[in-house]
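K.L.:
Here is how the chains run, residue by residue.
Protein chains: 4
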Amino acid sequence: MTEQHPRWFTHRLRVRYQETDQMSVVYHANYLNWFELGRTELIRELGLPYRELEARGLLLPVVELESKFKAPARYDDLIVIWTRVAEFSSLMVRFESQIRRESETDAEPSGFADKPEGELLVSGGTKHIWVNRDWKPVRVSKEAPDLYALLEQAGRGVPS
Amino acid sequence: MTEQHPRWFTHRLRVRYQETDQMSVVYHANYLNWFELGRTELIRELGLPYRELEARGLLLPVVELESKFKAPARYDDLIVIWTRVAEFSSLMVRFESQIRRESETDAEPSGFADKPEGELLVSGGTKHIWVNRDWKPVRVSKEAPDLYALLEQAGRGVPS
Amino acid sequence: MTEQHPRWFTHRLRVRYQETDQMSVVYHANYLNWFELGRTELIRELGLPYRELEARGLLLPVVELESKFKAPARYDDLIVIWTRVAEFSSLMVRFESQIRRESETDAEPSGFADKPEGELLVSGGTKHIWVNRDWKPVRVSKEAPDLYALLEQAGRGVPS
Amino acid sequence: MTEQHPRWFTHRLRVRYQETDQMSVVYHANYLNWFELGRTELIRELGLPYRELEARGLLLPVVELESKFKAPARYDDLIVIWTRVAEFSSLMVRFESQIRRESETDAEPSGFADKPEGELLVSGGTKHIWVNRDWKPVRVSKEAPDLYALLEQAGRGVPS
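Chains as they are written, first to last, in the numbering used here: chain A, 898 to 1057; chain B, 898 to 1057; chain C, 898 to 1057; chain D, 898 to 1057.
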C-alpha cells in the first residue's frame, strides 16, 4: 500500500541579517520562528490558512517544544524548513520540524517531498493544543470538522 | 523662573545578546524598540501605564519616525534611554529620544534628569496619534481628560 | 532619452506571526527590517551580494533613518518592498523604501519595475556610509571600483 | 549539612510591547531569549561576564533545548527568570530555567534564592557545549580553569 501524499512539506527562505548575532551565526531562538513558518505554510497548503482559523476563533498555541542544534545557519544561507504532522487528536497537534541548508543550485519550489534532503542544521518538534479566544481547550473535531478532516489527510500514514 | 519637573526621563537596560548582529553591534532596528521602552516607562512614571490606556481603548501608534546613528552599542553595554515629550496636542504626541552609553560606575536608578549625560549613540524622535480600537483618530482631551492633564504636566516648559 | 533599467526593485514576502504585536498589526520596528531586506535583495540583483561585500571587509551601517507609517500591515498579508538607490557618492549610499500591500491575485515575481503599485503602508529612507571592519570610513570607488560601477548603474538617472 | 549558596538565581524584567503577538500574549520564542538572559546574569553574578568569556575566545552555543508552556505572559507583566546550573562537565553545561509571573508588590532585587516562587508560566532547560572561535569543542577545565572553578561553585550540591 502506498501513500498518496508525501509526508514532509518544504518551505524555503534566506537567512536575514537581523537573524544573526555576534557569533556570526543565526541566533538560536530564530530557528523556532522558522519552525512556525513551516507549520503555517503546511497548514496553508492543506487549504485552511492559520489566519482563517483565528478568524473562526481557534488558536493553536505551543505547549511543548524540543530542539537539537547540530550546526549553525549563517547569513544569506538558503534554508529549507521541513515540516510534517507527527501526531494529532481532537485536542492537540504535534509537528516535527527540520531546518536544512541547501545549495543555491538545488533550489526548488516549496511543496511536499518524500524524504528530507540537504545538510541538517536543527531538528525538533512542537506540541500544540486547540483553544478558543479565552484560552479554553476546544475539541477541533466538533468545532471545525472540516479542519479536522484536513489534518487526517495530512497525518495519514503516520504511526500513532 | 525655574521648572518644577526636569524634562528628560531616564531608563536603564543592558544590551541583550539577541540584540546584536554579525557586525558585533546592536542591529539598528533594536534602537527603535528601546525608544519605545523609554516612552513606555515615561508614561508609567506619569502615573498612567500604557497597559491601562489600552484597556480603556486608546492606542498610540507611531506615524513618523526619524533617527540618527552616531556610534554603535555593543553586547552587555549599560544603556540609558533618555525620553521627553517634545510636543503634544489633543490629537498627537511627539517624543524625543536619545540612546546613551553609561559606564558601570555611573549607574544610577531610573528617573527624571535635567540634561542628558553619557556618550550619545543614537538620537531621534517619534510622532504618534491617538486612535481607538478601530484605528479611528480620537481627541484625548475629550476621551481621557485625566491623561491629557498628565501630558500637560510632562510637557510643561516645552516650546510649542 | 529613456532609461534602460527601471528604478525600483521589488521583493515580496508574507507577514510572519512573530512580526505582529497585540495591536494585531505589524510591530513598527519590523518595517525597518523589511527596508533592509529590500536593500539586500536590490544589491544581490545588481550582482554583488552583501555577504560578499562583508567578506571583502566592507560594511554599510545605517547612519540616518526616517519613516512615515500610513496604514498597518497585518498577519499573513502579502507585502511588496519597493527599494531604489536615491543617491550615492564614493562615501555613502541613500536608499528610498516603500512597503505596499498586494492582493493575492496580483502576486508577481520579484524584479525591477517602473513605478510603485499597490496600497502604500510605509515609506521612508536610510542613509549609509561605507566603513571597514574597524568602522573607519572608506572610499568605495577606490576600495571596490567594481561595486562602485554597479551603484552607478543602479543609480543612473537619479538627480544628484 | 547545609549549602552555602542558594541554587536558583533570579533576574527580573518587564514584558516589552514588542514581545507580544496578536494573540495578546508573549510570542513563544521570546521565552527562550529570557532563558538566555537568566543564564547570562547568573554567569555575571558568578564573577565572569559572558562578554569576557567571548573576549577569551570561548563560546557557549546551545545544542539542546526543551520547554513546556503552562500559561502565557502578557504585556507589562513583571517576570522573574529563575536559572540554575543543573549539570556540568569539562565540555558542557546544562541550565534549568523557569519563567514566573510576580505581583508588583512582591518585587525584590535580583539575587540567589532557595526555591522558585510565583506563578509558573514556562519551564525548560538548555544544554551547551564549550567551543572556540572556530566552533571546535574545548575542554574548559584546561582552557579556563578559573571559570571551571566558578561553575563548580555554582553547581555545588546538584545531584549528578
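Treat the hints loosely; a few may be bogus.
One copy or two, either will do: identical chains are not told apart, so a pair holds if it fits within one copy or between any two.
Stated by the list, open to error - Listed below are the simulated DSSO-like cross-link pairs for lysine-lysine, each with C-alpha atoms no more than 27 Å apart in a straight line:
1) K1033 - K965
2) K965 - K1024
3) K1039 - K1012
4) K967 - K1033
5) K1039 - K1024
6) K967 - K1039
7) K1024 - K967
8) K1012 - K967
9) K1033 - K1012
Hints listed in this document are in silico derivations from the structure and should not be mistaken for laboratory results.
Note that the coordinates shown come from a computational prediction; the quantities given were computed from them, not determined experimentally.
K.L.:
Each of the hints needs a verdict: does it hold here or not?
P.N.:
Against the structure, the hints come out as follows:
{"no.": "1", "hint": "K1033 - K965", "result": "between (31 Å within a copy, 18 Å between copies)"}
{"no.": "2", "hint": "K965 - K1024", "result": "both (16 Å within a copy, 9 Å between copies)"}
{"no.": "3", "hint": "K1039 - K1012", "result": "neither (33 Å within a copy, 42 Å between copies)"}
{"no.": "4", "hint": "K967 - K1033", "result": "between (36 Å within a copy, 13 Å between copies)"}
{"no.": "5", "hint": "K1039 - K1024", "result": "within (20 Å within a copy, 40 Å between copies)"}
{"no.": "6", "hint": "K967 - K1039", "result": "between (40 Å within a copy, 24 Å between copies)"}
{"no.": "7", "hint": "K1024 - K967", "result": "both (21 Å within a copy, 12 Å between copies)"}
{"no.": "8", "hint": "K1012 - K967", "result": "within (19 Å within a copy, 33 Å between copies)"}
{"no.": "9", "hint": "K1033 - K1012", "result": "neither (36 Å within a copy, 30 Å between copies)"}
In summary, the structure is inconsistent with hints 3 and 9 from the numbered list given earlier, while agreeing with the others.
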